[in-house]
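Kindly produce the complete structure, drawing on both the sequences and the hints.
4 protein chains.
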Amino acid sequence: MAEKLKYGMVGGGPGAFIGAVHRAAVRLNDDAEIVCGAFSRSKEKGDETAAGLGIDPQRSYTSFAEMAKAEGAREDKIDWVTIVTPNNQHYPAAKAFLEQGISVACDKPLTLTVEEGEDLKRIAQENGCLFCVTYTYTGHVMAREARQIVRNGEIGKIRMVMGEYPQDWLLDTLETITEDNKPWRADPSLSGRGAAVADLGTHIENWVAYVTGLKIEKLACNLDVFGEGGVLDNNVEALIKFQGGATGMYWTSQVAIGFDNALKIRIFGEKGTIEFVQEENNYLKVSLRGQPPRIYSRGSGYLTDEAKRYVRVPTGHPEGLTEAFANIYKDFTAALRDKKAGKAVDEEGYGYPTIQMGIDGVAFYNKCVDSHEAGAVWVDM
Amino acid sequence: MAEKLKYGMVGGGPGAFIGAVHRAAVRLNDDAEIVCGAFSRSKEKGDETAAGLGIDPQRSYTSFAEMAKAEGAREDKIDWVTIVTPNNQHYPAAKAFLEQGISVACDKPLTLTVEEGEDLKRIAQENGCLFCVTYTYTGHVMAREARQIVRNGEIGKIRMVMGEYPQDWLLDTLETITEDNKPWRADPSLSGRGAAVADLGTHIENWVAYVTGLKIEKLACNLDVFGEGGVLDNNVEALIKFQGGATGMYWTSQVAIGFDNALKIRIFGEKGTIEFVQEENNYLKVSLRGQPPRIYSRGSGYLTDEAKRYVRVPTGHPEGLTEAFANIYKDFTAALRDKKAGKAVDEEGYGYPTIQMGIDGVAFYNKCVDSHEAGAVWVDM
Amino acid sequence: MAEKLKYGMVGGGPGAFIGAVHRAAVRLNDDAEIVCGAFSRSKEKGDETAAGLGIDPQRSYTSFAEMAKAEGAREDKIDWVTIVTPNNQHYPAAKAFLEQGISVACDKPLTLTVEEGEDLKRIAQENGCLFCVTYTYTGHVMAREARQIVRNGEIGKIRMVMGEYPQDWLLDTLETITEDNKPWRADPSLSGRGAAVADLGTHIENWVAYVTGLKIEKLACNLDVFGEGGVLDNNVEALIKFQGGATGMYWTSQVAIGFDNALKIRIFGEKGTIEFVQEENNYLKVSLRGQPPRIYSRGSGYLTDEAKRYVRVPTGHPEGLTEAFANIYKDFTAALRDKKAGKAVDEEGYGYPTIQMGIDGVAFYNKCVDSHEAGAVWVDM
Amino acid sequence: MAEKLKYGMVGGGPGAFIGAVHRAAVRLNDDAEIVCGAFSRSKEKGDETAAGLGIDPQRSYTSFAEMAKAEGAREDKIDWVTIVTPNNQHYPAAKAFLEQGISVACDKPLTLTVEEGEDLKRIAQENGCLFCVTYTYTGHVMAREARQIVRNGEIGKIRMVMGEYPQDWLLDTLETITEDNKPWRADPSLSGRGAAVADLGTHIENWVAYVTGLKIEKLACNLDVFGEGGVLDNNVEALIKFQGGATGMYWTSQVAIGFDNALKIRIFGEKGTIEFVQEENNYLKVSLRGQPPRIYSRGSGYLTDEAKRYVRVPTGHPEGLTEAFANIYKDFTAALRDKKAGKAVDEEGYGYPTIQMGIDGVAFYNKCVDSHEAGAVWVDM
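Residue numbers (our numbering), protein chains in the order written: chain A, 1 to 381; chain B, 1 to 381; chain C, 1 to 381; chain D, 1 to 381.
Please keep in mind that the hints were generated in silico from the structure rather than gathered at the bench.
The reader is advised that the hints may include incorrect statements.
Note that the list lumps identical chains together, so a pair holds whenever it fits in one copy or between two copies.
Straight-line C-alpha distance at most 20 angstroms; calculated DMTMM-like pairs for lysine to aspartate or glutamate [stated by the list, open to error]:
| id | residue 1 | residue 2 |
| --- | --- | --- |
| 1 | K271 | D172 |
| 2 | K6 | E33 |
| 3 | K157 | D172 |
| 4 | K4 | D30 |
| 5 | K4 | E279 |
| 6 | K308 | D172 |
Pasting the structure below:
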């Protein structure tokens, strides 16, 4: 086996669900190990997480700044850092590591503003760093299959895109929010101008962009703040016009009773339609004109080679969220290894979502908020 | 048995699918019989249809005007006329019969303009006539169940409404349209300003209004004309704001490959959600907050009495389109019999969609076109 | 229009669900009218039903014997009689009409014994009568499509057949049965030796035979009588061996909580699989080896001509139980008209289930009971 | 963190899918690490796998015998060995480790004969070893929920059990089998008397036993060998009678076109029904008498505490096969830690499938073969 890569993490301390999933995904791949982290601002909590992961206590930090400085000074630098903090920390944390020549995998939304995102992109390039934005749902095997089907021209020129992402988890949270007890996602100073639109809306935007390559020309967006405790948007409705004539509608909600995490995207072309539902990620519905709809199953022999590369267990044996993350990391570590081996790396070609996709997501949700604030009018991207 | 009511039909000659369904629906109920018609402008075709239905050849006409005059002069007047012509004939035909004191069941969209609709409403009132607009999908048992669930407050105050109605039948038709061979739905002089938005969009609008009672405050709508042969809109996307704070999105399409007739409406309240899918009309999905989603089945003992009234065959034995129409006619003939018996008739109370709902539909699709023509901007209802 | 055929009915009085469905089905077709009946042994109830149907009071009878005699003596004999009585009356009633030269449409199970069935077959032939057994679920468009797919060899030689038909309606009934209050289905003297196995099991057996042509070689069957009030079988499990090497399993139940009327049949061949679910009768799932499963939709252009013949409303507009019955009657009246016109009639070729299929069903359920009574051992057909 | 446990593996070399899944599952839990293995009889292949896992080359063996001897002699003995060899090696390999005082996690079917299984049970007890049989599908969160629902009496006394497990993967393999190229599953000397019945049938048998506690009293079983290259059963149909009066049917197949890995089990009680489908393992359908069916979603607040203990990612974020394995290992390592800490360990109480369940599975499939060989007659368990 090639030697394992080394990585660190910022965020992901006790109680942080997403940090644990990132780490589990890397373990699934078994090609890298975590060696340092700033898991929490609390020394005690951070050390507890570090100890649980078997990390040298010397490499458990209480701030990304401290960590970037210390780790950047080592000869055996980590190959990358994963950033899973509240949104407002993405920019300064990523900047700190990039400036130390350390590549970054960062949660979405990438930053609070496009300017921050562009800044990170520039710094990464100047420092020869790679940058992956962990838009989870592009990691599914059937997302890769969908992308390849579109690229192969099987559904023809795209006419419409319908994306939705309803959840209902916020309902209970809403009722417990007080001035003194506010999750970071409900605090604009930590999460940015958008809540559902940034957290969920960008997943739709990215999945569509990743699979179709379509670029949004303009949009009109309405944001709702339902519930007593609501501060930021928890329901988002947008009309989209893409360059080239396609149109679409995006909806996301955190107060849609009966929906867990129901990302669903339908792409309609002149020759066919594909439908992806995250909660049924092992399948893809493909309808070609004049033919009965077909249900593609992950792992089947008829899939494209591009999708097959990511299959871990045989068809009918479900994969899920962790595998989606793992596939993104599999792409990212492949690029990191090539870079390490001195090969030229074109980040577009590895499959993971690039920093440009991160920037596009930030632009998207800010434009949604702009539109809403102006009365849900059309705004150009 | 009470004596059967008598009715006539305008439109519905050879090859006209919807006229045949109306007649089949009335036969299912077995409480009325067809006795006259102006099925076609072609004498031959009209007589052929009349003969097939066992109608006295003397009562087969070639125009609604002729028919209204002749039938209006009879002592044994028909109890109602069903109008299933191209859209532009709805107004003059309905007017002609109402002026003869004959009640009307008319296909949707009711008229080309709101003014025409208001005019019909006035004339109906002046002549003591009843008026039913045959919005099919309100006739399903589970539509009635949905309405009752909302009325009972089970899902609480409504926050969002998501309506969609994709089809793909137009694709083949589009390619065969020429100047000389144009179906009436593709000819603005016959169909009106809107195509998909009028034909399908009004079904969404009406179903939501019928079930929830919500009133649209304003909307922003984009219309697409895809395909070479396209003249009128075949893809419609609208943002909706309702009076009282609820919001929604409506989408309908005639070029959505893989979708047959997929009307689907989801209504999200503060306490629960209901989901109705026309193609699975024997079921209703009901999700209450904090509980697993439940699948209600038509005919089950736990349904409301209001819905049970319409059940024809036991649970698990599917009902379909024809039963939906039949339920609307069942409501309408109940009102007609009450009128005949001299009772006071409040049309709102019988369950069938009223002329006001027809007018609202005309207003809706015209506002959609207005919005689109102005750049998909927000317009007030 | 060709003149309407005339028919009568035995059974189907007030409260009898299935008689009403037969009549509604004939009305849907609009090619025949009911003119006489022995709807009930109660003069009052029978006359009430007759009056509701607009039948001449002179032609309302209180017994099939009286009706067969009176109607058989008329010059304008009815074209057929529909028999929807308790099972034990099928034989004597059908016999009485056949002996008058009147064709018969009879509910299943055809008779209590194979001998009775063979007797009816002989009498029908001797009297030049046609005989249709109304196995409902063969009437669905997608049953016809399934049959054609098998006949076309698309799924290859059949290896396995899995049939199931769970319901739960009996649960409530079971608790109300007393010696004095017993539905006929719970009384062996009226229903015969089998309950679920005869009422539901024969539907599986017939559907499979109808679609595949397979003949059962032997079977082993277990019958359960669950619940306090249970007298006859309400849960049936059978292993099947077909001539030619295919095998299968049939299960039916009347106490399977959560299932309404869930007939589901899967036929596995060397090249493909078809799956039909009665509650979703507008669809057929077809899986060919090495390809993604496909969902065929009733009314689509890619269906076989044999299936398309029966399509009434466009794809996506659901048909249901009544249409299935109507399709069987459509086949039957086509044969009756040919007979009337003096043409040679091969009943196999019209599509409706023949008396031989009725006899096969009686043989099937009696063999199931034989097997069970001997300890669920294998018995030859 | 508590120190990680250490384990080894027998089998699971290059190309062996299931060994890799076991290792991934342990990595997901992150509470144990692999330190030795006999991955292949080929020194080269075994060392390759060991190197890929970062295992000390000294602890890479070419036989379980060598490995058991060497590892058994170490002071820092491994905490357990995972055995994922062809079936015929389970017994000797497990025996060798148990005799060294090393606990065992063994794939199913446990052994070729009941005697072997009983022998292992005895040896394990004598040596103070724990023994887990990795029946995957009991590891799913919703399997645990199902078990708890049954234990809580929510569905009442069980009446029927319907289990099925169709696959179609064997079709391609069948055509490539020759005398010289035969997978171990097609070679009775390596796989035992049964193929599908042992590999898949035992999954049904165990899942039902695990969830319901029901004991099989007798069964009648037919085995089919379809296809030219077929040697052992690839289609299995069984009637089951349980102690206490419940009955059931089990079907499994490896030649059921269109089915990937479709384990589906329905348990019908006097008060309700539960339905579990492995390919949709994040859900459980629960139907209570007189109520609409409900869809339980993994991770929801309304689940039982017993199930919630195993939830890894929030509701709507799919878990899959690897998590199911990981849950079984989570139970097993909990027991191993308790044993290590000197606590009394009752293996029944930890949640993982015990050696007794393994023995029951071996008894089951051997009785199935017995029944088949005698003409599919009833045999007592």
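Hints versus structure:
In the homo-oligomer, the alpha carbons of K271 and D172 lie at most 20 angstroms apart only across protomers (12 angstroms), although the nearest pairing inside one protomer, at 43 angstroms, exceeds that limit. Taking the shortest alpha-carbon separations for K6 and E33, both the intra-copy value of 5 angstroms and the inter-copy value of 18 angstroms come in at or below 20 angstroms. In this assembly of identical chains, the alpha carbons of K157 and D172 lie at most 20 angstroms apart only when taken from different copies (17 angstroms versus 43 angstroms within one copy). Both within a single protomer and between protomers do K4 and D30 lie at most 20 angstroms apart by alpha-carbon distance, with minima of 8 angstroms and 16 angstroms respectively.
In this assembly of identical chains, the alpha carbons of K4 and E279 never lie at most 20 angstroms apart, being 32 angstroms within a copy and 33 angstroms across copies at closest. In this assembly of identical chains, K308 and D172 lie within 20 angstroms of each other by CA distance solely across copies; the values are 18 angstroms between and 40 angstroms within a copy.
Of the hints listed earlier, the one the structure fails to meet is number 5.
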